[in-house]
Amino acid sequence: MTAIRPAAGSAVPVRTAGLADRLARRPWGLYAAIGFVALLAVAAIAPQALATHDPTALNYPASLQAPSWTHWFGTDESGRDLYSRVVYGARESLLIGLGAAAVGVGLALILGSLAALAIKPAAVVVDRFVEILFTFPTLLLALLLIAIVGPSATTEILAVGLGTAPGYARMIRGQILAAKGSAYVEAAIALGHSRPRVVFAHILPNALRPLVAIFALSVGQSIVWASSLSFLGLGVAPPSSEWGALLDAGRQYIVQAGWLIVVPGLVIVAVALAATTIGRYVQARLEKGEK
Amino acid sequence: MSVIGTAAAVTAATKTIDPELDWPVARLRVDDLRVAFLVAGARRGVVRGLSFELAPGECVAIVGESGSGKSVTARALVGLAGRNAIVEASTLELHHEDVRAFTARQWRQVRGRDVGFILQDALVSLDPLRTVGAEIAEALRLHRWGTRARRARRVIELLTRVGVPRPALRARQRPDQLSGGLRQRALIASAIALDPDIVIADEPTTALDVTVQVQVLAELETMKRRGASIILISHDLSVVAQLADQILVMRAGEVVEQGSAATVLGAPTHEYTRALIAAVPSEHTRGTPLSPVPVPDAALSASAPAPADSRTGPVLEARDLTKHFGAPDGSITRAVDGVSFALDAGKTLGIVGESGSGKSTTARLVLGLETLDRGTVRLLGRDWSGIPERRRRPLRPRISVVSQDPLSSFDPRWNVERILVDALAASDRRGASAKRARAVELLGFVGLGAEVLDRFPLRLSGGQRQRVAIARALATRPSVIVLDEAVSALDVTVQAQILDLLVALQRSSGVSYLFISHDLGVISHLSDEVLVMKDGAVVESGAPDEIFRRPRHPYTRELIASIPEFDPAAIATSAASTRK
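Chain order of the listed sequences is A and B.
Note that my numbering has the first sequence beginning at 1, numbered continuously upward.
Note that my numbering has the second sequence beginning at 292, numbered continuously upward.
This is chain A alone, in the form it adopts within the complex (with noise of 0.2 Å):
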């Protein structure tokens, strides 16, 4: 087992995971980003709470202020704040990276587990299929569903998770095969267990302990996918300030007012570090218990 999970590990396509190592090896670090993400849930949940201003409220006057002591983050072109915006654009972008997660592990779930464990020809297939996929960049996987069905939140959860779930399909299927082939899994056999019993007691349960940990990274990544996904405009339009959509509103101030991309842009960089952090947090503490 231990000798795929440097190889399953480095399957994981996060940018950010070099830093977000040795954040979670730091107390601090973990809970800096434990931290960060509570805030981010409580701006998810009530962000009347956080905000200082309305999101939507015009204010042409004051439009394209630098940050300040009134205005946080600075303002936009119709004079919004935009720090409120980043705080009421964090539920739709929680939800697209959420989503978007749970899809593509969801499926990677399926796919990996009919890989490893479908009677012959049907895992074969199954096995051709995810590295067929595997060989499309995630992006580009993408927009061919974007394409194909037109931009939408709910085409951007789907297009996200069907970007990422090749990866992650390869690595439970790496995982399900080394618990497959342990001798655990043997003695079992050699007991007499039925082949449900045998899979469901002994071979899912070690397989899927990296999970969590899979998740929590999917997450992160899934957010900064989604945000490239909107920067395109293939995502989320404008007018709502998910975090991506803001990004893309922004560009065309880049010259004059540059924290209209800088900040959302930071935000979208902590949320994925810290997702990231606790990921491999927990992913660190599962293999630790394994020795």
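Be aware that one or more of the hints could be misleading.
[What the hints assert, rightly or not] Here are the simulated SDA-like pairs of lysine to any residue, each with C-alpha atoms no more than 20 Å apart in a straight line:
1) A:K180 <-> B:R684
2) B:K638 <-> A:R197
3) A:K120 <-> B:P679
4) A:K180 <-> B:R681
5) B:K726 <-> B:Q695
6) B:K726 <-> A:K120
7) A:K120 <-> B:V501
8) B:K726 <-> B:S752
9) B:K825 <-> B:Q400
[To be verified] Okay, the calculated bits of chain A under chain B, using three or more residues with CB under 8 Å as the criterion:
10) 60-70
11) 244-253
FYI, nobody ran anything at the bench for these hints, they're computed from the structure.
Just so it is clear, CB atoms sit at the ideal spot from N, CA and C, and this is done for glycine as well.
Based on the hints, put chain B in the right spot on chain A.
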């Protein structure tokens, strides 16, 4: 520069002769050696008060079980005890030089030149990416010995000396292209490259087959005759008996007994030494308990196999078992080739063979974990190998298995209770409390208490894990238990307890054992019938007396000749005569 090595050797040789006494004095003097480790700021002593002297041409053996501190001692003697170790001694002299205050740099000078160190596992001790020749030459180069060309010649010479056939070819190969025995000899060659007059060998033969072990021991013997002093670290008394002049028996960091080999082995005074000697299984020990620790009472009343099996005829019958494996390059390995045997109720069939002889594949075939290419297995008179897994499943409780590494055969998420209850469940429809009671009963059979139920296998000792594995194997009241190297990873006193337990369980329950081992001593102690396997085929079979006293096949003869002779009674007689 090339002179340095030789010059050092010359000085070393002159040093060992004290001109006034005209008597060779010790090359290594150790008095009151203490090693402790700093664990979380606290000192934990692992070796206490070890003293001995090592004369030229002498072999001092340090014997003990895992955790006794013997390997730490070996490492401390060459300055390799590690950064957290505190090594103290009232005397620690190497060639009359006080080495207690040596720096790492000074130790590097000493190692290789004055002291050669042979490690246990040649596979991990040799660099997989370097040729064997480069590895040995490296030892020379580090001490600036000779020119490149001279080193190359020296490598060939060394390989020849340790008995490696075709040394020029072997020197160009990498460790993975060499067999275990050749690797171990290459390691010895690199340890003696600079002709050190002290060689420390830490379990030099533990990972080796007996026929290879005998060659490595012969090489050490030759070195000793040439005047090298050897410190032999081993858990195996029969190996020690071959080579040692002086023996130190260690237990939990302390030397419990020390003296000449003949006295320690022949007339041991300490009870632990006696237990160690008595624990070595052989044909002489058949039918007698190996351990002074009595077998748990519950084992004597272990339940009989399920009543449906009270029938005549062999419980397990294998005919013409054949399994070939194809390699990617198209070659075929005949893992098992035409093996037949029959196992009667309440009996033990021992399968003995060296690594790669096909004995474990035979076990897997018998257990129905591998499909047969040819042949049949019948369990309790019924077809077993020719039926689909679905129909085999109801019969599976009748045959169970205990493997060499019990830890990996337990689900890592489960504690002992779940492991045992899970083993019951397939046929058992009783309630949770009844199952728990049965788990406690099973633990009783193997001498473990109910307090183990909540523990995880990871937190149990090797012996306890193997006991849990046996308890699990007994859970379904099987007729046959396949024991695949089940005691091979255990210390000799723990092995003795487990073997005693197995014998008692068989007597009370009438279960049959298919006992697979590379250890001829264990096989001859336990078996009613023995199968000798080589390259997938049975070369000889019969009663242990016949096989061990009158082997017919040349391979069996070689195998038996390779077992280090270990007969405490004979040593005692010779010890008595020396004393007179």
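Here is what the structure says about each hint:
| no. | hint | result |
| --- | --- | --- |
| 1 | A:K180 <-> B:R684 | holds, 18 Å |
| 2 | B:K638 <-> A:R197 | violated, 33 Å |
| 3 | A:K120 <-> B:P679 | holds, 16 Å |
| 4 | A:K180 <-> B:R681 | holds, 18 Å |
| 5 | B:K726 <-> B:Q695 | violated, 27 Å |
| 6 | B:K726 <-> A:K120 | violated, 37 Å |
| 7 | A:K120 <-> B:V501 | violated, 43 Å |
| 8 | B:K726 <-> B:S752 | violated, 25 Å |
| 9 | B:K825 <-> B:Q400 | violated, 45 Å |
| 10 | 60-70 | violated (count 0) |
| 11 | 244-253 | violated (count 0) |
Comparing the model with each numbered hint stated earlier shows that hints 2, 5, 6, 7, 8, 9, 10, 11 do not hold.
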